[in-house]
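Based on the sequences and whatever the hints tell you, model everything.
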Amino acid sequence: MSTAVGNVKSVEYLGSPQAVEWWESGTGDPPMLLMHGGNGFSPAPPYVEMLARSRRVMAAQHPGYGDSERPEWMDTVSDLAHFYLELLEHEELEDVTLVGFSSGGWIAAEMAVWRPERIGRLVLVDAVGIRVGGPTDRDIFDIFSVPREERARIGFVDPSMAGLAADELSDEQLARLIQAEQTSALYYWEPYMCNPKLRRRLGAVKIPSAVIWGASDRMVTPDYGRAYAEALPGAEFSVVDGSGHCPYIEQAEEFCRLVDSFVSRTSAS
Amino acid sequence: MRYWFFTETAYPDLPPADTYDSVRVTLPNRLLDPERAASWWDDYLAEWQAADELGLDLMVNEHHSTATCMNAAVPLTAAILARTTKKARILILGNPIANRRDPVRVAEEMAMLDIFSRGRLEVGFVRGVPYEVAAANSNPVGMSERLWEAHDVIKLAWTSHDGPVNWQGKHFEHRQINIWPRPYQQPHPPIWVSTLSQSGARPVGERGYVVATFLTGVENTRSVFDGYREGWSSRRDGEVPPDRLAYAGLVHVGETDDEGMAGGEKLTWYITSNKAPSQFMDPPGYRPPAARVAAARGVMATSLKGLTLEQLIDRGVLFAGSAETVAGQIKRFCDEVGGFGHFLVMGQSGHMRKDETIASLTRLARNVRPILEDRLREPAQAL
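Protein chains in written order, with numbering that gives the first Met the number 0: chain A, 0 to 268; chain B, 0 to 382.
The hints are simulated quantities; they were obtained by calculation from the structure and are not laboratory data.
One or more of the hints may lead you astray.
Okay, the calculated bits of chain A under chain B, using three or more residues with CB under 8 Å as the criterion [to be verified]:
(1) 175-181
(2) 224-235
Straight-line alpha carbon distances no greater than 20 Å define the calculated EDC-like cross-link-like pairs of lysine to aspartate or glutamate that follow [claimed, not checked]:
(3) Lys169/B to Asp74/A
(4) Lys169/B to Glu144/B
(5) Lys169/B to Glu189/A
(6) Lys330/B to Glu309/B
(7) Lys169/B to Glu148/B
(8) Lys154/B to Glu205/B
(9) Lys169/B to Glu71/A
(10) Lys8/A to Glu90/A
(11) Lys169/B to Asp78/A
(12) Lys8/A to Glu71/A
(13) Lys8/A to Glu91/A
(14) Lys304/B to Asp42/B
(15) Lys205/A to Glu93/A
(16) Lys274/B to Glu149/A
(17) Lys196/A to Asp78/A
A few chain A residues that don't get close to chain B, going by computed Cβ distances all over 10 Å [claimed, not checked]:
(18) Val7
(19) Tyr12
(20) Thr26
(21) Pro29
(22) Val47
(23) Met49
(24) Ser77
(25) Leu84
(26) Leu86
(27) Leu92
(28) Val112
(29) Phe143
(30) Arg147
(31) Ala165
(32) Asp170
(33) Ser260
In this text, a Cβ means the ideal position worked out from N, Cα and C, and glycines have one as well.
This is the structure in structure tokens:
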């Protein structure tokens, strides 16, 4: 059975083979790895092919999403960061541009903190992962407190672009979305969507980074994005008008322009 | 058959249901008048005391952030009952140990209650209903695994008597487990686990504990008991004794059938008032993904809402009428599900007042019980 958007391949991880749903397109350096948020990866939105016009672009479903296997012991974001660091080794990737969306940005940031050797630069897009406010502030919208349709309204300027309406999804797509929600609950439940230590540790990141934010993001506000950028030494911060939590969906051209510009300015050639 | 009286200890004095989205998790507690809450509690505690005097056993349970149940810390209620009742066994059903952060603390609470009551405690462990997840900030993924690990820790704490023992598991760590006091009953109080599914009942059967199922009607109750039997037979020979199986129903015994039905109607507050939106009813990971897919497609799980009193009685959810009628309903249900040894009597709900509740319990104890003792002793019965 394969409902995968990519190919399922076996990757050696910590001495055991592990099935990973893997997608890639395009050629050219530096290579780019897209790291999805809580709903899993889809290559369907136009930004993916736009980015792949001028470089090799790759994406995996994190362990537990889609057809990517999750060993029973993997249940934290540090597990995911370690898995991806090993995946970069396994694929012999160098000078990689990590593009992390929402919780995928959190994983990318953790990777950059711990083992940046194969990472060329970091692009964080409406990323979660840090704690900014005090105990009674809710930095990140509690997605588990609202129904799916409300998540679309909170996350998008145009909720019809969210792709979360059950009647617009095939049975397979819906099953994958629901599996993704469950896996996200497992990884991100508590501390909710963040590692309270991460913000401090970001101060030690030396690779170039860009933080891109939807101006109308109500899941995680642009102020949170600004705090993220301030925590990363030398980070660029850009706001994309006309977009909520997913500027790569709602404003794909502007989003890709920002990414292309950042990559070309921070690449050796 | 043992009869265990319980009430969910609701706060029923709510504004019209169309003025709020959910009775659970988000209902503002400013709607609770502390004076009224205290009066309701006076009544609830008195009802349990009356049940004890009638020779019934007692059950208490726990829920959070909900007007359907003001019993947010079940050991506190059980502690009162341990001292205000004399003979009844006191069943906590249960401790929501998949949501409790420290199982050793639960072991301590239960040991204290067992001492307070001189060994009248029965300890239930529950995974907790889905709305408890938000109220406890508890991860909905892996709850069964946490339940059984917490159970292992609690049992270790109860049965270790030679100084500290160590637990470093997947979910819990406690390096110096040495509880004082230890339980009154040795090696530990009887254990119950509630579940609503066949797969959930299997591990309970493997361990030989009492399995309890709530308002599940004929078919689902059969499958829960079947799951229990599968687990039971995988570890030992022989039939499952009826005292390993428990069923909870709504029960009102009137002087006449009409009076019993009128009381039954009041009990259905528990069903009709349970208003909760999907994100709290069905958090990701609580149920298997396939069930959530079906829900997203509009296939609703069997709901008791909208059923008539007669339909509820047919299903074995409600038992209502005169003593003779209720005895007949219980006997029929027992036969249909293959027998059970514990009947959990949800005898108060919603606005039902203390006098009505106690009158019904009195008829249950004095009139229904003798009829059933007679009929359930028929040779063909597993009971």
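Status of each hint after checking the structure:
1. 175-181: Result for this restraint: holds, n = 4.
2. 224-235: violated (count 0)
3. Lys169/B to Asp74/A: OK: Lys169/B and Asp74/A at ~11 Å, within 20 Å.
4. Lys169/B to Glu144/B: holds (9 Å)
5. Lys169/B to Glu189/A: Holds, at about 16 Å.
6. Lys330/B to Glu309/B: Roughly 17 Å between the alpha carbons, so the hint for Lys330/B and Glu309/B holds.
7. Lys169/B to Glu148/B: Distance ~8 Å between Lys169/B and Glu148/B Cα, so the pair holds.
8. Lys154/B to Glu205/B: Distance of about 16 Å is within 20 Å: holds.
9. Lys169/B to Glu71/A: holds (11 Å)
10. Lys8/A to Glu90/A: holds (12 Å)
11. Lys169/B to Asp78/A: Status holds; Cα separation ~15 Å.
12. Lys8/A to Glu71/A: holds (19 Å)
13. Lys8/A to Glu91/A: Status holds; Cα separation ~16 Å.
14. Lys304/B to Asp42/B: The hint is violated at about 27 Å.
15. Lys205/A to Glu93/A: Answer holds: Lys205/A to Glu93/A is near 16 Å, not above 20 Å.
16. Lys274/B to Glu149/A: The given pair, whose Cα atoms are some 19 Å apart, holds under the 20 Å limit.
17. Lys196/A to Asp78/A: Holds. Lys196/A to Asp78/A sits at ~16 Å (cutoff 20 Å).
18. Val7: Holds, because the least Cβ-Cβ distance between Val7/A and chain B comes to about 18 Å, which exceeds 10 Å.
19. Tyr12: holds (20 Å)
20. Thr26: Given that every Cβ of chain B is farther than 10 Å from that of Thr26/A, nearest at about 37 Å, it holds.
21. Pro29: holds (36 Å)
22. Val47: About 26 Å separates Val47/A from the closest Cβ of chain B, which puts it past 10 Å; holds.
23. Met49: holds (31 Å)
24. Ser77: holds (16 Å)
25. Leu84: holds (24 Å)
26. Leu86: holds (23 Å)
27. Leu92: holds (31 Å)
28. Val112: holds (24 Å)
29. Phe143: violated (6 Å)
30. Arg147: Label violated. Min Cβ-Cβ 8 Å, cutoff 10 Å.
31. Ala165: violated (4 Å)
32. Asp170: violated (7 Å)
33. Ser260: holds (37 Å)
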